[in-house]
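Student: Chain order of the listed sequences is A and B.
Using our numbering, read the first sequence as starting at 646 and increasing by one per residue.
Using our numbering, read the second sequence as starting at 402 and increasing by one per residue.
Hints in this document: simulated from the structure, not taken from any laboratory.
Here the structure is a predicted model, which is why all the values come from computation and not from measurement.
One thing to keep in mind: the hints can contain errors.
Straight-line alpha carbon distances no greater than 27 angstroms define the calculated DSSO-like cross-link-like pairs of lysine-lysine that follow [as the list claims (entries may be wrong)]:
{"hint": "1", "chain 1": "B", "residue 1": "Lys523", "chain 2": "B", "residue 2": "Lys481"}
{"hint": "2", "chain 1": "A", "residue 1": "Lys970", "chain 2": "B", "residue 2": "Lys481"}
{"hint": "3", "chain 1": "B", "residue 1": "Lys523", "chain 2": "A", "residue 2": "Lys960"}
{"hint": "4", "chain 1": "A", "residue 1": "Lys736", "chain 2": "A", "residue 2": "Lys960"}
{"hint": "5", "chain 1": "B", "residue 1": "Lys476", "chain 2": "B", "residue 2": "Lys508"}
{"hint": "6", "chain 1": "B", "residue 1": "Lys523", "chain 2": "A", "residue 2": "Lys963"}
{"hint": "7", "chain 1": "B", "residue 1": "Lys476", "chain 2": "A", "residue 2": "Lys947"}
{"hint": "8", "chain 1": "B", "residue 1": "Lys481", "chain 2": "B", "residue 2": "Lys405"}
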Amino acid sequence: MGKSPLAPLVSERLQQTSRQHLGKKRINGRKITILVLFALLAGCIHHLGPMPERPPGSTEGFFKAALSPTLTDQSQSLPDGATPFSNRILKELATTLRYSFIAMSMAVPAGLFLGFFASTAWWPSGANATLSRLLLRPLHLAVRTTTTLMRSVHELIWAILLLAALGHDPMTACIALALPFTGTLAKVFSEIIDEQIALAHAHAITSGASPLQAFLATLIPQSFPDMATYTLYRFECSLRSSAVLGFVGIETIGLSIRKSFENNFYNELWTELYLLLVVIIIVDIMGARLRKQLNSIAPRTKNTPPSSSTAERIKSLKATTPRWKMPRILLWATLLLTLISWFPGALGIPADQLVKDSSHIDRSQRVSHFITKLTPQPLRENPLGQNGSLAETAAWADNLWQTNGKEALINTLAMATAAVIISALLAWLIIPWGSRAIAQRHPLEVYSGQTSQLTNILWKSYGIITRLFFILSRAIPEYIYAYLLIGILGISAWPLVFALAVHNLGILGRLWGEVIENQPTPAPKQLLYTGSSRLQTYLHSFIPSSFNRFLMYLFYRWETCVREATVLGMLGFASLGLHIQLARSFSRAYDEMLYYVLLGAAMILIGDLISVLLRRSLKKQ
Amino acid sequence: MSLKLNHLSHSFGSHRTLRDIELAIDTGEQVALIGPSGCGKTTLLRILGTQLMPTQGTVRQLGTNSADLSAKDLKTLRTKIAFIPQHLGLVPNVSVLRNILNGGLGKTGLLSAIRQMLYVTKAETQRVYQLLERTGISEKLYDRTDSLSGGQQQRVAIARALYQNPEVILADEPTSAIDPARARSLIELLTQLSQEENITLAVSMHNLELAKAYFPRLIGLKEGTVKFDTPPAKLKAEQSQDLYLIKPQDHG
Ligand SMILES: Nc1ncnc2c1ncn2[C@@H]1O[C@H](COP(=O)(O)OP(=O)(O)OP(=O)(O)O)[C@@H](O)[C@H]1O
Ligand SMILES: [Mg+2]
């Protein structure tokens, strides 16, 4: 608004020249970063060891079945009256959707509430507000800590903990989904709010509004597009997580995926994968459209008819002013589907009960039993305060650390780091070329002379294929990729690393692709006008100008990958997840399980801290 | 006396922006502040608008010294002074209607701010519509604000100022981002509104010709001091030339 269109170009120039001045003696930071990434990757590869020989069995059947998904049961020995396959998977798909609606309907309001207290933009400012800021600070800190703790434990681990504590109810699983999602939503909401340019907010205050009024009237509507798109993205994530809950026995589509794979019913398996893919891709596409619509102005389609009175004129203006339809439709559909998810019976839709009937005494007994078992063994036998009990507990923890903990922690870190770096390197190779800006006949709409129709088609299809690849690779949850890959490649760290890397590449493709598409184009355009090729433009404009942003995404993804790697370990590689799984299912040693969970959470907290510090230093540059 | 500055000085840290300024602006008076970039126009307007406090000296708005006011009284004073910043401070992705309603926040409570997020009354819409008619963009009532041109957005900001029912309007370079013809009609609008409603008006601008044509009083600022304070007819050519003279080391 009122800003010269040249301003970004000018400031970019200034930055460039100042950087050139500084850069004369210093080695280029970007080169160092890339070298460090390669070194880290080599370290991880060395640590995780080579991939084992492929197990003898052939995987041909698995891939062949991709072309012939089935809608009927592959099992020959079904009892009479069993639910047919098609009904079963549809019901499981509906359940998957239902649980994520229920989880999100808890996580979004809770995330908004906590996000409000985690942000500082609405705090009163000025000389006479010192006291209230002093009072708000501890509250702010408490909320931040709570949300960080909530998201430092993966939803699947929350599920394992809560299901063991509260019994096997779907509602428990939904709460387990909602907990880390609340933490993440609160964090992201507060960041979105705090990052808004607060000019309108400041203006409202100088016209006499209170900070809270100004917050509601300016910062909330300003943040709305980002918050709404992020919520939809989170919903997409919750669908994936809800599907994965099937692996711990909740009746979502993951349950069938696991059963079909275990029984080698590959045709069934592919049907289930395709179904999940379709649903998630639809949500993904809706998210992209919503983002576009909320950030742009709807085209005018109707003319305002002349009218006689003011009231009439206002009415006809309201009726003819262009407005996007999709946000409204989405809002109403969401409300309706949430209602159905909570109370299907009220609408005559048969569905499982969220809370299975069991007497309250039973449940409270169960919880207290669980809590007893969570207490470290030495403490249980020798309550706190008695001599030696603390020393024994410390010895117990140290023993766990020496036998498994240390190795598990390092393995988990190495898997996540390797996965992030592999996906980053691939991202540099693929992403910008697939962006709508470059993958077309005239990149950035800069006329590049007569080119053949073939070039045009090749670029366009290259762009479409890469973007499709990204969608596909992020649509399937890491956990399911890892599960399938372990079945195909045998047990080692690498199937898990690949699963993480593929999924992560898909997410980076979306995030970084958006950055590249939303970038101001004068600088790269200028290069193209002066005769640079696509490659030169890519190397000298796109990479430098989005490098820091990309690194920021990498750190953010690294944190997510560590959390995810913890869980993937449950599939059988000696990492934190495996020990959590073993402690739970074989020995029911919940105290040991808690130890590993806390170890993982501590690692996430430290990683979170490092990533915050790194991002801050990147932003300052 | 509407606005009064007494021995007023201001500095950002060690950087002096205003030096010992004496100024009095009467109720309903129309004043143009002119001067080269960096001379302190924005700073002066922000002090008049209670956004900045003077480092030395006093400033009185509408008969009160804003430094002495309680939080509540300061809020009331602020509702009477409408500030139109150079960047306008509009919320880009909401309707013109909503942006103008934001001008009224100071006079209502938190509850009505919440209510307005969900529902805008007929009376409120009508009042906004009438203000938009006066600023000449009534057909934009429901349009997204960032779909308007720079000049139209200026008019939204003026309508928002009027929605405050102000006794003073302070506008910082309202014409800097629009073409000469539109700039002229915008200044015409501001001075006309101030005349009709007896609103004190202080506008900073770079266009000397326009200032001379529409304002009965011109104040020339340079390096934080008042160089002249005269009606346009008495402004000498040397005075205005001197104002914009560039010394070799000074590039704004
Ligand atoms: N927030 C600030 N912190 C420190 N210095 C500032 C700040 N705002 C302005 N200044 C300095 O104060 C001086 C006066 O600035 P001011 O914005 O009042 O000038 P101006 O007359 O409005 O200029 P322009 O015509 O370019 O808008 C300038 O030298 C400027 O660099
Ligand atoms: Mg200024």
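Student: Which hints from the list above does the structure break, by number from lowest to highest?
Tutor: Of the numbered hints, 2, 4, 7 do not hold.
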